[in-house]
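Using the sequences plus the hints, can you model the full thing?
Numbering-wise (the working numbering), the sequence shown opens with residue 4 and increments by one.
Heads up, a few of these hints could be off.
[Claimed, not checked] In silico EDC-like pairs for lysine to aspartate or glutamate, Cα to Cα no more than 16 Å straight-line:
hint, residue 1, residue 2
1, Lys-60, Glu-84
2, Lys-60, Asp-196
3, Lys-185, Glu-212
Please keep in mind that the hints were generated in silico from the structure rather than gathered at the bench.
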Amino acid sequence: MAKKNQANKMRDLIKKIVQRYQRRRYRSVIADGERILGLETDDNAQCHKNRYLFASKYLKKGDSVLDFACGSGYGSLILAESGSSVTVVGYDIDEKAIEFGRTQYQRENMELTTDSPRKNFDVVIAFEYLEHVDDIQGAYDDLTRRAGRLVIASVPYHEKEGNNPHHKHFGLDESSLNFGDKVEFFYQNPEGDILGEGRSRQNMIVVREV
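Structure representation (structure tokens):
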């Protein structure tokens, strides 16, 4: 038992060292901690990945999917490997993030690009994007115009003002935007679980039928 515990501690230590090295090496990609690489194994990274796993359940065979503001592209990979024979375009304005994603995650049915994407996709996904833009309603409406079937987006839920210097909107909830009529709200707790309800709500996920 003692040897097993020691081995576990050593494995955890090695993981931390590797992650620390990766974060130093790709400092320009992670943008002061606002973006993740997808290589991390901590709880925060798993929360991000869980949102994409949640979204992948809505994909149908042959869907064209836009991952808007995809960052390093780890989420685009999750969608591309969802088993639904989908095609995925991951879009982000950050050239370094896209370059990193191309070296790590590129697949046959997936494209990572900084070029403005076309406006006809079956499903548009935008996680942790809307709180970063000035015109949040306009940005949301733009996402819906690009989608033929579904928009799936997330924002921090009731985030306190000043909590994140990269964010331009705080206190977001179900009434902050005109999300549309055919919409469902889900909530992610700090542990990363996504539920239809619950008291502990860290993020809100919007699923809109268009």
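Now the hints, each set against the structure:
no.: 1; hint: Lys-60 to Glu-84; in the structure: 12 Å, holds
no.: 2; hint: Lys-60 to Asp-196; in the structure: 15 Å, holds
no.: 3; hint: Lys-185 to Glu-212; in the structure: 5 Å, holds
Checked against the numbered hints above, the structure violates none of them.
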